[in-house]
Each structure stands twice: as C-alpha cells, then as structure tokens.
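Mind assembling these two chains? They're in different frames, but the hints should get you there.
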Amino acid sequence: DVKVTQSSRYLVKRTGEKVFLECVQDMDHENMFWYRQDPGLGLRLIYFSYDVKMKEKGDIPEGYSVSREKKERFSLILESASTNQTSMYLCASSAPRTVTYEQYFGPGTRLTVT
Amino acid sequence: GQNIDQPTEMTATEGAIVQINCTYQTSGFNGLFWYQQHAGEAPTFLSYNVLDGLEEKGRFSSFLSRSKGYSYLLLKELQMKDSASYLCAVRPLIGNYQLIWGAGTKLIIKP
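Residue numbers (my numbering), protein chains in the order written: chain A, -8 to 105; chain B, 514 to 624.
Calculated directly from the structure, the hints in this document are not laboratory data. Keep in mind that a hint or two might mislead.
Claimed, not checked - In the DSS-like style, the derived pairs of lysine-lysine whose C-alpha atoms are separated by at most 25 Å in a straight line are:
| hint | chain 1 | residue 1 | chain 2 | residue 2 |
| --- | --- | --- | --- | --- |
| 1 | B | Lys570 | A | Lys(-6) |
| 2 | B | Lys623 | B | Lys589 |
| 3 | B | Lys570 | B | Lys589 |
| 4 | A | Lys44 | A | Lys62 |
| 5 | A | Lys44 | A | Lys61 |
| 6 | B | Lys594 | A | Lys(-6) |
As the list claims (entries may be wrong) - In silico contact screen, one side only, chain A against chain B (beta carbon under 10 Å); selected entries:
| hint | residue |
| --- | --- |
| 7 | Gly31 |
| 8 | Leu81 |
| 9 | Ser85 |
| 10 | Phe96 |
Note that CB positions come from ideal geometry on N, CA and C, so glycine has one too.
For reference, chain B alone in the conformation it holds in the complex (with noise of 0.2 Å):
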C-alpha cells in the first residue's frame, strides 16, 4: 500500500527551531514535497526535494533520504504568522500527475 504518516499535532515557541518529520511508503519515488496551509486558506508551495539531501530556502530547509523513506522540514528563527499546517506529499512512479498526500502537521507557534 501507499502511506505517509506526518505527527498530527506540534507545538514550538517563537525564535526557536522546529523540525517536522515525514516517512512514506509509495509504488516507486520521483520526489516529495512540503505545503504550508494557514487555516481556511489553500495550500501554497513550499519545497520539492528529489535527490537526498538538504536543501535551504531562507528560514525553511527540507531534507530527504530516499533510502530511509524519510523527509523533514526544518523551521528556523519561528514567527507567529508560521502557525499552520503543513503538509508532506509524494510523487510516485506511477500515475505522474496525482500526488500521494499526508494528513498534515498542524503546527502552533507560541510566544
């Protein structure tokens, strides 16, 4: 079967560190992305990882290991405007068009 599992709920305080994790278990990989979603709004484009590593983008940052299943998305310098959700969701080998998603992880920044 096809599965990503993301933490439903973290918690963290502003100016701090928070790392959000992400495993899967998808028909093949061509690569994984990071959406942030403030409540009642779309989804908006954060990252797209597809080679292992760490890849930086101001204060955000999404690592991948493709061997391990395994993604985070690692939020630096936290704002209270970063509480959201935020989602993990694979793109399989198969059925190129459709992206597998996870629930999300709501996070709540806290002053």
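Okay, chain A solo, but in the shape it has when bound (with noise of 0.2 Å):
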C-alpha cells in the first residue's frame, strides 16, 4: 500500500526558529512536493524535486528552503520561523512514468508559529 508519512502532525515553534519538516515515502517514487494549505487559498507549491538532489522553486518558496539527499526523503526547512508560515503543510509524491501523475498525500503537519 501507498504510504507517504510526515515526520509531525502537529507543531509550534518561535518566531526565529529554524524549523525542519520531515516527508518520507516507501513507493519509490523520483518526484517529491511540498505544499502549504490555507483556507480559502487552496494548495498552494512551495518546492519540488523529481530527483535527488535536485529541487526547483514553485509558486511561494521565499522564506523556505528543501533538501533532498536520498530518493525516499525530502525536507522541507524554515529558516526562520514567521508568524505568516503558520499553516497546514503537506507533502505528497508521484511517479512520473506512470498515466496519470497521481500526487499521493501524506497526513500533513500543522505548524503553528508563535
């Protein structure tokens, strides 16, 4: 079965923290995303990577960095914590050779930030 897990359901931090939000998958797959989700606006791409080590900006990526050194793991990292990056943050994964390009989601992590 499909998994994509995320390393926190829920999290607060401070203002001006450095703040790592963990994705790992168990499908293999080359292409990895992060979102940010807020009412009304929808999902919203922070960063994305189709393979390791490689990453690319989506719509909204100031304020955020990415890292992914191995296939299964992709982080996504704050460099410092603001009270607008107080949201849901999702992570999903596809394969590109498949038919559909099929995002699989992992549960999300709401961040609150203080």
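What follows is the structure, encoded as structure tokens:
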C-alpha cells in the first residue's frame, strides 16, 4: 500500500526558530512536493524535487528551503520561522512514468508559529 | 495566466445528488484530477479525466469538456461521510510534474 509519512502532525515553534519538516515515501517515487494549505487559498506549491539532490522552486518559495539527499526523503526547512508561516504543510509524491501522475499525500503537519 | 475556479461551499441533503463544477484556464492541458479531503486529513485521489466525457466510479462520476475548460464531479446517493472538501486540479502541458490546484469546494451534507 502506498505510503507517505510526515514527521509530525502538530508542531508549535517560536518566531525566529529554524524548523525542519520531514517527509518519507516508500513507493520509490522520483517526484516529491511540498505544499502549504490555507483556508480559501487551496494548495500552494513551495518546492518540488524530481530527483535526488534536484529541486525546483514552486509558487511561494520565499522563506523556505528544501533538501533531498535520498530518494525517499524530502525535507522542508523554515530558516527563520515567522507567524505568517503558520499553516498546514502537506508533502506529496508521484511517479513520472505512470499514466496519471497522480500525487499521493502525507497526513500533513499543522505548524503554528508564535 | 492560469486559473481554476470552483464554488467555495455547497450544501446538499443526505440521499440526494450534487454536482460540483470546476472551470479552468491553463497553459495547455494534460488532464484533470478530483481529490477528496476530509477536515484535517490529506487529500485522496478520486478521479482523473483526460478525454471528453463522463467517467463513472460507483457513486462518484466525473465529467470533462476540454473545449469548454469545464469539469464536474457528480456525487449520487449522498452519505454523511461525503461531507468534505473536493479539490479540482489540472495537469498542464508544461511542467508535467506539477499540478495547478483550485481552492476547493466544501460540501456540507445535511440529514
């Protein structure tokens, strides 16, 4: 069964802290994505990666960085957390050589920055 | 620009039928997804349409008209557990790995 896991379901951090969100998939997928989801705005792409050590900026990369050292793991880093980064963060993965490019999602991390 | 529009919220009655519409304007088109997302949970895949027409999958059906940039998700015999947000997403021609997402439609089912 397809599985994407995220390191935390809920996280509370202080302004200025460095925050690491981890995502692991066990489907041997090449593509991995980080989104944030806010009410009324839908899913917004922060970064994605189509291979190990490769990364591409999405629509809202400012204030974030990513790391993909291994195929199964994609980390999102908030260099200096700010209150406007309070959000639900969703990780997803997909395989490029499927018919649909369907994305599989992790359970999400609800981050609160105080 | 690229844009996907869906109604923000809809209400329907248990046992009834509801149609959730999605219109899109994107740089090329490779297919359209519908996902279901229960509150506080991850989105889960419902359907994928590439060609025009209706695709039925149990109580859920999805329709696509490429010429009109229009899709709908049809839910029949509504159950309380269908209360969720329904997300429309388009796979554009360029940037195949990415999807363009609508803001989602929150569906409320009343007894």
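Hints and how they fare:
| no. | hint | in the structure |
| --- | --- | --- |
| 1 | B/Lys570 to A/Lys(-6) | holds, 23 Å |
| 2 | B/Lys623 to B/Lys589 | holds, 14 Å |
| 3 | B/Lys570 to B/Lys589 | holds, 11 Å |
| 4 | A/Lys44 to A/Lys62 | holds, 9 Å |
| 5 | A/Lys44 to A/Lys61 | holds, 8 Å |
| 6 | B/Lys594 to A/Lys(-6) | holds, 23 Å |
| 7 | Gly31 | holds, 6 Å |
| 8 | Leu81 | holds, 6 Å |
| 9 | Ser85 | holds, 7 Å |
| 10 | Phe96 | holds, 4 Å |
Comparing the model with each earlier hint shows no violations; every hint is respected.
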